[in-house]
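Colleague: Listed below, chain by chain, are the residues.
Number of protein chains: 2
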Amino acid sequence: MSIFKDNEGRPQGAKLDKAAILAAVKFNQEGLVPVIAQQFDTLEVLMLAWMNAEALAETLNTGRVCYWSRSRKALWRKGESSGQVQLLKSARIDCDGDTLLLAVDQTGPACHTGRRHCFFYKFEPDAVVIDGEVMISPDELYKK
Amino acid sequence: MSIFKDNEGRPQGAKLDKAAILAAVKFNQEGLVPVIAQQFDTLEVLMLAWMNAEALAETLNTGRVCYWSRSRKALWRKGESSGQVQLLKSARIDCDGDTLLLAVDQTGPACHTGRRHCFFYKFEPDAVVIDGEVMISPDELYKK
Chain A
98 MSIFKDNEGR
108 PQGAKLDKAA
118 ILAAVKFNQE
128 GLVPVIAQQF
138 DTLEVLMLAW
148 MNAEALAETL
158 NTGRVCYWSR
168 SRKALWRKGE
178 SSGQVQLLKS
188 ARIDCDGDTL
198 LLAVDQTGPA
208 CHTGRRHCFF
218 YKFEPDAVVI
228 DGEVMISPDE
238 LYKK
Chain B
98 MSIFKDNEGR
108 PQGAKLDKAA
118 ILAAVKFNQE
128 GLVPVIAQQF
138 DTLEVLMLAW
148 MNAEALAETL
158 NTGRVCYWSR
168 SRKALWRKGE
178 SSGQVQLLKS
188 ARIDCDGDTL
198 LLAVDQTGPA
208 CHTGRRHCFF
218 YKFEPDAVVI
228 DGEVMISPDE
238 LYKK
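Protein chains in written order, with the numbering used here: chain A, 98 to 241; chain B, 98 to 241.
There could be a bad hint or two in this list.
To be verified - No farther apart than 30 Å at their CA atoms in a straight line, the calculated lysine-lysine pairs in the DSS-like style are these:
no. : chain 1 : residue 1 : chain 2 : residue 2
1   : B       : K240      : A       : K170
2   : B       : K219      : B       : K115
3   : A       : K170      : B       : K219
4   : B       : K186      : B       : K112
5   : B       : K219      : B       : K186
6   : B       : K102      : A       : K219
7   : B       : K219      : A       : K112
8   : A       : K186      : A       : K219
9   : B       : K240      : A       : K123
10  : A       : K123      : B       : K219
11  : A       : K240      : B       : K123
12  : A       : K115      : A       : K102
13  : A       : K112      : A       : K170
14  : B       : K102      : A       : K170
15  : A       : K112      : A       : K102
16  : A       : K186      : B       : K219
17  : B       : K219      : B       : K240
18  : A       : K123      : A       : K170
19  : B       : K123      : B       : K170
20  : A       : K123      : B       : K170
21  : A       : K186      : A       : K170
22  : A       : K219      : B       : K123
23  : B       : K112      : A       : K219
24  : B       : K186      : A       : K186
25  : A       : K115      : A       : K219
26  : B       : K112      : B       : K123
27  : B       : K240      : A       : K102
28  : A       : K219      : B       : K240
29  : A       : K115      : B       : K219
30  : B       : K123      : B       : K186
31  : B       : K170      : A       : K219
32  : A       : K219      : A       : K240
33  : B       : K123      : A       : K123
34  : A       : K102      : B       : K170
35  : B       : K219      : A       : K102
36  : A       : K240      : B       : K102
37  : B       : K186      : A       : K219
38  : B       : K186      : B       : K170
The hints are simulated quantities; they were obtained by calculation from the structure and are not laboratory data.
Could you put together the complete structure from these sequences and hints?
Modeller: Spelled out as structure tokens, the structure:
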């Protein structure tokens, strides 16, 4: 049994111990959990990235979203090179404690391609279509 | 280079080969990709689950969402035991080809706890609070 399973039947508004929940987050074998970032007002899903325990703690403590970069193997304070930061509005974890959903306020494009969100390859019956306009060119985004 | 990287600069409406995109999906070491399910009209994020290549092909071909159950190690046609199915409205893949975003029409609760979505553990400054009403009790959901 886990703290998530133990508490899933509790009613709306029930309060649980935050440190105990944080200690029970189910990180994968690489020490990471997937994190969905959703724009808090438009409800667009912007991206999915990963956090380790340190990135999660920093995000909750500072209110600025910090991921773990799997390619760079380092903490990744979203926007540190592009200037396009994510401010945290709220954080949730799911029923089995292995996925986070963040409501964020994203400055400009969330995607490294300069698009607002990363999900711009859309499946159609006979093709995949680019569905997403480039807001700022990557050359412009990363010249800083 | 990947087909995703190669095409990321193309304009809105550009068409790509669907079979080539499907062949390039970046499954993890277990052969899975994370999949975000979002209710198509309200834009609520309902859940995150996983697909292997077979589940993805079945979902795109049938229009009914099929995941891979990591606990049961089997295809999981969402709603097969609870009756709470997900119909596919659209499917997208992200800029680096390792995450899917589905727009779905979810019948009733998406969560095994009987709640509409799985993200009902909400972080507050000094606690984690249950934020999500049970729509149908799990006993009722799974008695079928």
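Colleague: All hints, please: hold or fail.
Modeller: Hint check results:
no.	hint	result
1	K240(B) <-> K170(A)	violated, 46 Å
2	K219(B) <-> K115(B)	violated, 38 Å
3	K170(A) <-> K219(B)	holds, 28 Å
4	K186(B) <-> K112(B)	holds, 19 Å
5	K219(B) <-> K186(B)	holds, 28 Å
6	K102(B) <-> K219(A)	holds, 15 Å
7	K219(B) <-> K112(A)	holds, 10 Å
8	K186(A) <-> K219(A)	holds, 28 Å
9	K240(B) <-> K123(A)	holds, 29 Å
10	K123(A) <-> K219(B)	holds, 16 Å
11	K240(A) <-> K123(B)	holds, 29 Å
12	K115(A) <-> K102(A)	holds, 15 Å
13	K112(A) <-> K170(A)	violated, 35 Å
14	K102(B) <-> K170(A)	holds, 20 Å
15	K112(A) <-> K102(A)	holds, 15 Å
16	K186(A) <-> K219(B)	holds, 11 Å
17	K219(B) <-> K240(B)	holds, 29 Å
18	K123(A) <-> K170(A)	holds, 20 Å
19	K123(B) <-> K170(B)	holds, 20 Å
20	K123(A) <-> K170(B)	holds, 19 Å
21	K186(A) <-> K170(A)	holds, 26 Å
22	K219(A) <-> K123(B)	holds, 16 Å
23	K112(B) <-> K219(A)	holds, 10 Å
24	K186(B) <-> K186(A)	holds, 28 Å
25	K115(A) <-> K219(A)	violated, 38 Å
26	K112(B) <-> K123(B)	holds, 20 Å
27	K240(B) <-> K102(A)	holds, 19 Å
28	K219(A) <-> K240(B)	violated, 37 Å
29	K115(A) <-> K219(B)	holds, 10 Å
30	K123(B) <-> K186(B)	holds, 23 Å
31	K170(B) <-> K219(A)	holds, 28 Å
32	K219(A) <-> K240(A)	holds, 29 Å
33	K123(B) <-> K123(A)	holds, 23 Å
34	K102(A) <-> K170(B)	holds, 20 Å
35	K219(B) <-> K102(A)	holds, 15 Å
36	K240(A) <-> K102(B)	holds, 19 Å
37	K186(B) <-> K219(A)	holds, 11 Å
38	K186(B) <-> K170(B)	holds, 26 Å
Checked against the numbered hints listed earlier, the structure breaks hints 1, 2, 13, 25 and 28; every other hint is satisfied.
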